[in-house]
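Colleague: As you go down the protein sequences, you meet chains V and R in turn.
Read in order, the letters of the first sequence are residues 1 to 252 in my numbering.
Read in order, the letters of the second sequence are residues 1 to 439 in my numbering.
Note that these hints are calculated values from the structure, not bench results.
Keep in mind that this is a model prediction, so the values were computed, not measured.
Honestly, I wouldn't trust all of these hints.
Covered stretches of chain R (chain V as the covering partner; in silico rule of three or more C-beta atoms under 8 Å from a C-beta of chain V) [to be verified]:
#1 60–70
#2 321–329
One-sided excerpt, in silico: chain V residues whose CB lies under 8 Å from chain R [stated by the list, open to error]:
#3 G19
#4 L70
#5 L88
#6 A109
#7 Y226
#8 R229
#9 L242
#10 P243
#11 R244
#12 R245
In silico negatives: residues of chain R with every beta carbon more than 12 Å from chain V [stated by the list, open to error]:
#13 Q21
#14 L222
#15 F422
Even for Gly, the Cβ is constructed at its ideal location relative to N, Cα and C.
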Amino acid sequence: MTIGRARILSDVSATIERGEWVAVIGPNGAGKTTLLRALAGLLAFAGQVLVEGRAILSSTRRQVARQIALVPQQPQTPPELTVAEYVLLGRTPHIGYFATETRSDRLAAERAIARLSLRQFTDRSLGSLSGGELQRVVLARALAQEAPILLLDEPTSALDLGRQQQALELIDELRRDSELTVVSALHDLSLAGQYSDRLLLLDGGCLVAQGNPDAVLSEEAIATHYGARVRVIRENGSVFVLPRREETRWAH
Amino acid sequence: MVEPGKQTANRILKACSGCGQRFGCAQGEPGCWCEAVVLRRETLAEIRAVATDCICPACLSTFAEKDHAEREAATEVTAKNSNATIWAKALPHSAVRSRGVSAAWGIIALAFLAGALLVGLAIGPAAIGPGSIIGSVLSHLQVFHVSAPLSSVDEAILWQVRAPRVVLAALVGGMLAVAGSAYQGVFRNPLADPYLLGVAAGAGLGATLAIAYAAAGTDTGLLLPLAAFAGAALAVAGAYVLGRSAGGVHGTSTLILSGVVVALFMTAIQTFVQQQRSETLRAVYSWILGGFGTADWHAVAVVAPYIAVSSAVILMHRRVLDVLSLGDEEAASLGLDVRRARLLLVLVATVGTAAAVAVSGLIGFVGIIVPHTIRLLVSPSYRAIIPLSLLAGAGFLVLADVLARSLMSPSELPIGVVTAFFGAPFFAILLRTSRRMVL
């Protein structure tokens with residue numbers, strides 16, 4: 001399957017395989033969110049995004065939404081809606097314009113809710129949930145969409161360290177048992193390195209490096225594109241990126 | 001094969017969806033006994049085809065054994081699927097649904113409207129009791145064979161004077177309330193009302209031009225609604241075109257500002273015309289204040305089709321409006337063509353509002369207060385707001401009209417004064433006592 005071969009920001013071209021987890025990394029303003037929005041067909045752009053050979057821009061919104069679910073960085077969660085109602089909104093691409101959801105839509109929403117262990121929250125309002133619970137609800141909505149491709153914009157940005165790991169583990173589990181292709185923008189390079197199969201490094205709107213985490217995450221590359229001093233530690237096939245304070249400051 | 005084991009999850013006693021046996025079920029939560037059973041997708045699909053809810057350990061065993069045998073038969077294919085979805089065994093039940101309109105609220109709203117219609121028909125200078133009204137209604141329906149309880153004069157008062165007025169007020173009230181909810185949903189703005197994009201200014205200008213420049217002897221009764229309708233439609237079309245050409249990415253706020261610009265421009269022309277023809281001021285003013293003093297069956301027949309189509313289309317958008325509440329971007333990522341939906345909603349709401357304004361003048365407040373009352377009392381979902389607003393708006397305006405014509409009888413109060421005077425305090429109390437946020 002090809003998502004890529006896209007010329008979006010200025011020269012971004014990539015192919016993403018079915019079932020892969022690809023993390024989009026890069027400094028602030030590099031165009032990570034823009035890339036995800038373009039992949040979801042939310043932007044008009046010159047170039048092409050192909051999903052299984054079909055161009056996103058020539059598909060209807062409904063067709064795209066059946067293929068691609070997007071979880072934005074800060075999703076709108078109207079506080080008065082219940083979890084059930086919110087997850088049901090994820091069924092929109094499967095429901096006729098003037099129709100309301102059918103039994104099969106309710107079953108799909110139910111499965112998504114059960115899958116993310118949210119049954120006890122089904123009738124709770126979104127406003128009464130914690131940040132971590134809310135994030136699971138948003139994932140449930142995306143899962144209810146039953147699209148084979150899941151785009152996640154900074155899924156861990158609002159979470160503490162433990163919940164970041166839990167969220168990424170959960171996404172990985174969902175990816176495996178629902179056979180999803182995941183493309184996520186990730187801020188934390190260590191997490192990106194550990195969870196994704198492949199990295200796309202963007203800087204200034206250009207794709208400057210792509211490949212497996214071991215190849216992309218180097219001290220030089222991070223210094224060049226992030227302007228950051230880091231140490232990259234490779235251990236048991238994992239890559240850790242640690243920020244490092246300049247040594248001269250230690251002197252006195 | 002399946003052991004209802006040592007788990008601690010909260011169980012409820014449930015009848016098996018397969019065989020009807022009672023069993024303890026934790027509804028698929030972590031810790032439920034069914035968690036220990038791993039099945040292939042194909043088997044899950046089979047279970048789902050025969051059962052609508054969770055099934056008991058015995059039934060699940062049967063499926064699990066069959067599943068196991070099939071898996072043995074094709075080991076290499078199923079190896080990948082071995083961590084298949086254990087969650088799906090807690091089969092779906094009815095918990096996941098949108099609230100919509102509950103039966104209780106539906107009945108309350110219908111009763112409110114029926115009561116308001118009855119009050120509207122009963123109250124007036126000639127005393128006609130509710131019993132006689134119902135009798136008269138039944139006598140008109142051939143099937144009941146009831147003889148008319150009213151004198152022919154009372155019959156005429158009831159059916160030629162009061163009934164068209166009550167029906168028109170109900171139509172206009174329902175339309176304004178539904179159009180108001182649609183505007184609030186489309187613009188995600190609690191202050192939006194049906195006049196947001198310049199309907200009021202456009203209709204006002206149209207009416208003023210008709211009153212000021214109509215050739216002597218023309219029947220303004222016929223011309224005025226047409227002119228008001230045309231002005232309203234023109235204003236919103238202008239605002240929409242301006243908003244689209246200027247707006248682009250900024251979405252609804254540009255559209256609202258365009259409405260303000262168009263409204264200001266049209267008001268300027270209207271003021272100029274009034275200045276030139278100051279003898280028309282009184283007629284224009286009384287039209288703008290609104291009311292149903294001139295209502296007849298003809299007016300009802302003219303606006304009913306517009307209002308029926310418009311409110312039906314908005315009703316069918318109730319789920320789309322909920323999707324729009326997630327914002328343009330997320331609504332688009334859920335497969336909604338946001339621009340088309342917004343255009344369609346604005347279009348039908350405007351046509352309906354313009355038709356209502358054409359026959360009743362500018363009646364404020366209904367389009368804001370009714371949807372918000374429903375939102376605060378019942379649910380923030382448009383599935384409740386739209387249908388209940390239709391009923392409650394109709395009843396509300398019928399009652400307001402009763403007050404407008406009876407408080408200072410025989411003279412009439414402008415109905416806008418009544419809606420605001422009684423609506424505002426009611427809404428203030430509601431706002432204070434309700435803990436829910438508005439939007």
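Colleague: Look at each hint and say if it fits the structure.
Modeller: Results for each hint:
1. Coverage of a stretch by a chain is defined here by at least three residues with a beta carbon nearer than 8 Å to that chain's beta carbons; for the region 60–70 of chain R and chain V the count is 0, and the condition is violated.
2. Under the rule that three or more residues need a Cβ within less than 8 Å of chain V, the assignment of the region 321–329 of chain R holds, with 6 such residues.
3. The interface hint given for V:G19 is broken, as the beta carbon of that residue sits about 10 Å from the closest beta carbon of chain R, more than 8 Å.
4. Given hint, V:L70 at the interface with chain R, holds; its Cβ is 4 Å from that chain's nearest Cβ, closer than 8 Å.
5. Checking V:L88 against chain R by beta carbon gives a least distance of about 6 Å; that is within 8 Å, so the hint holds.
6. At its closest, the beta carbon of V:A109 sits 5 Å from a beta carbon of chain R; the interface hint therefore holds under the 8 Å criterion.
7. At its closest, the beta carbon of V:Y226 sits 27 Å from a beta carbon of chain R; the interface hint therefore is violated under the 8 Å criterion.
8. For V:R229, the interface hint is violated, the least distance from its beta-carbon to any beta-carbon of chain R being 36 Å, above 8 Å.
9. With 8 Å as the threshold, the beta carbon of V:L242 stays out of range of chain R, its nearest partner Cβ sitting at about 33 Å, so the hint is violated.
10. At its closest, the beta carbon of V:P243 sits 32 Å from a beta carbon of chain R; the interface hint therefore is violated under the 8 Å criterion.
11. Evaluation of the V:R244 hint against chain R yields a violated restraint, the C-beta minimum of about 38 Å exceeding 8 Å.
12. Contact between V:R245 and chain R, as hinted, is not supported at the beta carbon level, the nearest pair being about 39 Å apart and thus beyond 8 Å.
13. No Cβ of chain V comes within 12 Å of the Cβ of R:Q21; the nearest lies about 22 Å off, and the non-interface call holds.
14. Consistency note on R:L222: stated as away from chain V, and its beta-carbon is indeed over 12 Å from all of that chain's, at 35 Å minimum.
15. Annotated as non-interface, R:F422 keeps its C-beta farther than 12 Å from every C-beta of chain V; the closest such distance is 27 Å.
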